[in-house]
Amino acid sequence: MKSFSLNLLGRVALAGTLGLAACNDLEEYNPSNATADTVWSTPEGFVTAVNGAYSEQRSWYGKEDGEFMSESGTDLWFNRDKNTYAAQLTQYAGLTPLQGNPNRAAWVALWKSINVCNAGINRINDAGFINATERNQREGELRFLRAFYYWHMVETYGGVMLRTQETKEPVLTATRSPVSAFYDLIIDDLKFAATNLPVNWGNEYSRASRKSAMGFLARAYLSRAYYGTGADAQQYFTLARDAANDVIAQKSALQVDLRANYADLWNPANNKTLGRPGGEALYVVSNSTNVGLNYDDNGNRLFHVFQTQYSNRPGLEATLAYGYENNRRLMPTLTLLDLYDQVRDNRYDGSFQEVWLATRTYTWTAADATTYAKDASVVGRQIRVGDTAMVITKRAIPTKRTKNYVVYDRDDVYLPNRTIRNGLNFVTLRKFQDPDRTLPSVQAGTKDVIVMRLAEMYLISAEAENRLGNNAAAATMLNVLRTRAAKKTPVDYTAAMQVTASQITPDFILDERAREFAGENIRWFDVKRMKDGPGFVSYIKQRNPDITLVQDFHRLRPIRQEELNALLNGNDFGQNPGY
Amino acid sequence: MQPLYTHLTGPFARRATTAASLLLYLPAVEAHAQLLATVQLPAQQQPTTARTVQLKELLGQWEKQYNTTIVYKTDLVRDKTAVVQAETGNLEEMLATVLQQVGLGFQKLRADYYVVVKAAPATASASKAVPIAGRVTQANGVALPGVTVVVKGTTNGISTDANGNFSLEVPEGATLTFSFVGYVTQEVAVNGQTTLNITLKEDTKALDEVVVVGYGTVRKRDLTGSIYSVKADDIVKTPTHNAVEALQGRVPGADITRASGAAGAGTNILIRGTRSINGANNGPLVVIDGYQGGNISDLNPNDIESIEVLKDASSTAIYGALGANGVLIVTTKRGAAGKVQVNYNGYYGVNSYQFPASRTGDDYLALRREAWRTTGDWSSPADDAKIFPEPGEYDAVRNGQWVDWVDLVKRRGTQQSHTVSLRGGSENTKVFASLGYFREEGMLRNNDYNRYNARVNVDQTISKVFKIGLLTQVTFYQQNNRQNPLGQATQLSPLGVPYDPTTGEVNTYPIASDQTRISPLADERGPYVARDNTIRTNIVTNGYLEVTPLKGLSFRSNFGTNIDFRRRGIYNDRTALSQANTRNSVASTENIFDRFYNWDNILTYSRELGKHTVTLTGLTSFIRSDVDNSYASGTNQLLASQLFYDLNSTSTAVTRTLRGGSAPYVGSKNMAYAARINYSFAGRYLFTVSGRYDGASRLAEGNKWDFFPSVAAGWNISDEAFLRDTRWLSQLKLRASYGKAGNYSISPYGTQSVLLASPRMSFGDVPAQMYQFQPTVGNPNLGWETSTTLNLGLDVALFSNRLTATVDVYNTNTSDILLLRPLPLSSGVSQVYENIGSTRNRGVEVAITSQNIVTEKFKWSSTLTFTRNKEEITRLIDGRDIIASSAPESNSLLLGRPINSFYTYEKLGIWQTSEADEAAKYKIGNYSFKPGDIKLADLNGDFTFNAADQAYIGSRVPKFVVGLQNTLSYRSFDLSVLALARYGQFIDAQFLGRYNPSGSGNGPAILDYWTPENPTNDFPRPRRGTTLSSYQGYTGYQALNFVDGSFFKIRTVTLGYTLPKSIAGKVLLENARLYVTGANLFILTKSKLIKDYDPERGGDESSPLSRQLVVGLNLGF
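Protein sequence lines, in the order shown, are assigned to chains B and G. Per the numbering used here, the very first residue in the first sequence carries number 30; after that it's consecutive. Per the numbering used here, the very first residue in the second sequence carries number 12; after that it's consecutive.
Please keep in mind that the hints were generated in silico from the structure rather than gathered at the bench. The beta carbon of each residue, even a glycine, is placed where N, CA and C say it ideally should be. The reader is advised that the hints may include incorrect statements.
[As the list claims (entries may be wrong)] Cβ pair distances, simulated, as ranges:
| no. | chain 1 | residue 1 | chain 2 | residue 2 | range |
| --- | --- | --- | --- | --- | --- |
| 1 | G | A931 | B | Q279 | 58 to 64 Å |
| 2 | G | D418 | B | T577 | 38 to 44 Å |
| 3 | B | R447 | G | D657 | 57 to 63 Å |
| 4 | B | L386 | G | D657 | 53 to 59 Å |
| 5 | G | S363 | B | L386 | 50 to 56 Å |
[Unchecked claim] Under the rule of at most 20 Å between Cα atoms (straight-line distance), these lysine to any residue pairs were calculated in the SDA-like manner:
| no. | chain 1 | residue 1 | chain 2 | residue 2 |
| --- | --- | --- | --- | --- |
| 6 | G | K242 | B | N356 |
| 7 | G | K934 | B | N356 |
| 8 | G | K932 | B | Q580 |
| 9 | G | K397 | B | Q580 |
| 10 | G | K344 | G | Y463 |
| 11 | B | K197 | G | E845 |
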């Protein structure tokens, strides 16, 4: 018995040991194996890197965050009530490295994207492209995007770190690079992109194309010029003008053109045509009507940002046509509204909504008459569907007490010192309206966001000409846009809208940019580009008297504190001045 | 003698003041005892003819004498004696007389054929009372006072006096039970005797008790490590579905908190603090019946025989890497030879949330007015219309349509558990089987948890050499979760009409004219609005083969499998709470198939050579884990009633994604070789040496293997000659151990840079596949994290084990900590695993158990556990704090502080009107602080607030945790009370951050805010149009959430009643007990801000903890 057991035991033990010997192989098995080396090693796989590089632009364009970063805190906008998390940017209130979410989120999104671009650009030769054109197109997209992100980076945060390599292992130190080095890279990337990108991507129209790269190159040259002086500046103003003029000259080859009527740009029905061949946009960030493909289910939410409240007024209710009113992030300053000559310039009516027509029948009650400061005579009067129900206007309406609709005129919205009275009702920027949602309460939109359109080339050209001393040429460029903007009926104001060389000043160009681009994710960059130091502060305070806390160092945003905490040489690297 | 009370302190005082036995020493009581003695009846004279014989002999003698047959079961008559009064006479009369003396009777089956049977109970009551007296002594002849002497089966009894004497009247044929703590209980049949002198034997069972250790067992007295054992009785004292929760407050060194109040929620357990910084692997290893990979929360607590908590390095070293954070060894119940035992355990309970009420009515109106008053927009109620500009709001105010949302979303939850278990078997086959059902209905509607368990444990002895066994368990559960509505309920303005007055149905929009303000009740409108359903089947099948060819030599092969399948389906209709913004429906299904294998081979050899005892253990252990995960989702499901079932009917092609870091396949393997030597000399000197060579696949090439040794020694001092005769000292033992353990607390593939795919990309309407970098970048150099622990322990038992104490002190240094380190965000990734940093955990653990009162009628014992652990980060890469990039307030790592520390501004209060000038000196940008703003500590004195003013303000780690368990029984009643204190920890009380300074939503009503008329220091002045994060004067608002979370609570109170045997027996019951338990009945918090909240939860507002009332029943057949 005993020997039998020992024998058996020996065999069991042996079997165990043999069985286990195989287990000493502790290699990691990772069949899904989604590493950069594997996924991006074929041309088909490599496209997923290129696509990934586009992703984060959607966290800026189409979101409140982007509007706060690139439009608020300027002479054009203020938020009175629904400022919540963004007061740091809209009012410069407590803008610190630790607070101010849109600013802090932007830092992360930009760097995440730059890392993907760097990875793609450095890996493209290992992706096995056989077709050189296809390869260069993909590299062109990546280099366009890197330039696009770096332009936002350097204009927002200044000369921070300039990274051109993929992060393959921890990078714990950083040094600052001069702004000029950023622009050298941006311009180099855009030149490559302009040479190699196709004119047209077909149904994938929102990929970067040649017109995108050429247009952005003009913007980059112009921005770069302001960091130089003397001949250096002149050189870049010249390049900016030439690049802008080049786009204009080649517009038919690039399949881009100005839309005949300014207001048509902002007709929601036309939104999806702007980025396609023949549209006015040089570059768009698209959103799919299939919401599951969009950045975060929310797509384009810009229609929330500038919308005043209307739905609880007599004769009105929430409708798709009039939009989503709960956020009310930004209202126009009196400065902005007064920039327009409403009689001659169709851009005011094209950009703003002042009248709301009734969507339900309503009969005035005494209580509502009191609430809306009406004359007793309106009690009992009716508003029928289609009648005017509400007017919010930059004009003064002396007879407003006797109107049988709600009126908030200039004096109800603004105080005599041009500050905002209570911020509850305001003229609404209508550029981003999205009535193609399923319900008025749906907060997600599916419209495309125009990042840059051909009109900007005329303004870039004009601004550069002005700086180069060619105001006549500048006027010519501006007059193209002003001709389009002129009301043609009932009176043709085209002639009256024309400007001459003597009228061209930097401030006039800034004003013209406001009239043309109000709300289009650019104002803050325009103001910071053209207004330096004390000029920046006085320009904003004077034109937007509700902003009292702006300081000259606010021309740069603060770097997130976490970045400096994580850098081993965070102290040497340093926060942007003033913060 | 009187001053005795005042001189005594500590455990002696407790003993003197509480132990009834000791009271007998006092003169007054002694006098009483003597009084009793004087009334005893004089001993009766025995008739001269009487003789005492062995019953068996007598029956045999009578069989011959009367030429008849008397049959009996051997146990009935074995060792029984009878007093024979008459040698001849009527046999039946004589049988009756003699058998009655020993509680027996007989039946006449036919002529000349008698069967001896147990007497009917009635005969006892009919018998007359006889007096009996005697003396109880110890083995050495010293009298034992305070011994309980009771007539068996009754409550009739008395205690021995100071001289060990007793006397009482007993029924004829009675049996007396002599019991005393620390001594073996003795039963003696009176058998007509009038004097009984009894010697009680000391009970050494407590020390001979076997304790389960890693890959084996040892006698408790031979233990060298720090192991704490909790038995079945204590585990079922807390009615819960999770046995870990039942350990709360009972195990020194373990800090246990319930994870949340949601149905089926788990528990957090930390053994001796947090060692690894990366949170993933800080929990202890759980070994169930020798197998890894099981989940304790899948076990029915009623199936558990014992849980051993292994704490020091010498106990855990045999588990190597896996044991670095302690080990829980769970042993389930096994079959036993003999009569089949059937048990039923069940309870039913109701739970209710403890959560601060929210603002409504005038309280809310006041806040709103105040906010608009601050900005100059409100001066009198005439302005009220202006301050409610949202559609329909002002109408609701005028109509008094106030809603208490928090109250509306809560309901009373219920819990019930039913378990039937069966235990039986023969010498060779032993079976334990159980069926269990647990159901919890959460305190939010649509939140419930149903669990079904079945377990069969079979042990089969094949021959003297071979034994096999199979331990299987199947667990099935179904859980319905929901989007937590409490967040919405504490943010929404308290206005509107929550239910349609005619239909009673939930109004999706409580203010009809505002279709954007969704009700927190929106998901409760029907069955197809919101569903989050998880079903899970878990099958554990463990088999073993044990071979014992020679005495002392055994080989055991354990093969364990754990197969787990989970399906989680989520459907949120376009009208659901979570879809309030997008108004499109989303359906998703996730399937996870998890396989875990564990194969251990253990060879053990034990040998005794004279006074030397040696046990050698050698083992190999292999673990493999594979997880498959597939996830699919689609939007705009055609029919809501399809829920998440037919994703083809979603409006777009089904999209597949790798979500949240989970991958389609994750696999890992571990292999280990280990050996251990246990050596004991004369049971006095004990040594244990072990070593384990451990490999983990998830670590980097070249760093996969490491060696983890440990040594330990124990000295049973009380067995030494110089202490052996110290009667009051039952045990004194010193233990010391030192060892090294490893940890690889990273996820698989942590050494690789992995990409994340996402379908969320398109150009126009053309979908585009994309990959982006995961936030974690790979590190190809990752290696083991190691902890070395020095442990010193002392076990003391006094007064015949009446008072026992275990004290451990330890110091654990953990180095090369695997840390997820934040990277500069400019690198485009956010973190990396690295071996950087060290921590130290030092602590003291004490457990004291005292049998305060032990009499037959009344028993009272107490167990006090005390845990103090000081945790600190001793080293970090680059020698400086690591401030986290996300949520730095709670994720930062600070040198010299515990890992879970809070880092933010220090709030001093609120700037008061009288301090206006001082406040104005402080600035943020251009803004100067004003009265009503938050007053912060300006650490660097620069009159502004930035990163330099943030610092450590507190930690989640308590300074100490105390548990006190009192168990009392009186006659058939039992009462146990578990009190718990956790002191010195900070919590992140989220609901405090719900203070809504603009008055746009309700927020908790208890928050007191500053106004010029109300100079509080709690919360800043309300201000129209702001949130806490948007106004400069609220700088430092992050600090508002962090409060001292110290609390004391009565964790559980249980009152039970056991049906007397005499009644229970009539319905064939072995035992029957009915009990009522109240949980979390009383809580005392140090901070007034959290007085309406149970801070054990740690501050989260989702699923707060509950008060619970449970009624339960235990039946044994």
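Hint check for Q279/B and A931/G - Cβ pair distance inside 58 to 64 Å
Given a distance of about 60 Å, which is inside 58 to 64 Å, the answer is holds.
What's the verdict on K397/G and Q580/B, does the C-alpha distance respect the 20 Å limit or exceed it?
violated (33 Å)
Taking the beta carbons of R447/B and D657/G, is their distance inside 57 to 63 Å?
Once the Cβ atoms are compared, 60 Å apart, the range 57 to 63 Å for D657/G and R447/B holds.
Taking the Cβ atom of S363/G and the Cβ atom of L386/B, is their distance within the range 50 to 56 Å?
Holds - the Cβ-Cβ distance for S363/G and L386/B, about 53 Å, lies within 50 to 56 Å.
Kindly confirm whether 53 to 59 Å is satisfied by the beta carbon distance between L386/B and D657/G.
violated (43 Å)
Can you confirm whether the C-alpha distance between K197/B and E845/G stays at or below 20 Å?
holds (14 Å)
Within a Cα-Cα threshold of 20 Å, do K344/G and Y463/G meet the stated pairing?
Roughly 18 Å separates the two Cα atoms, so the pair holds.
Hint consistency between K242/G and N356/B [alpha-carbon to alpha-carbon, up to 20 Å]:
violated (59 Å)
Given the hinted pair K934/G and N356/B, is their alpha-carbon gap at most 20 Å?
Violated, because 30 Å separates the two Cα atoms, which is more than 20 Å.
So if I understand the rule, the pair passes when the alpha-carbon distance is 20 Å or less; does K932/G with Q580/B pass?
holds (19 Å)
Tell me if the beta carbons of D418/G and T577/B are separated by a distance inside 38 to 44 Å.
Once the Cβ atoms are compared, 43 Å apart, the range 38 to 44 Å for T577/B and D418/G holds.
Figure legend: structure checked against the earlier numbered hints; hints not met, in rising order: 4, 6, 7 and 9.
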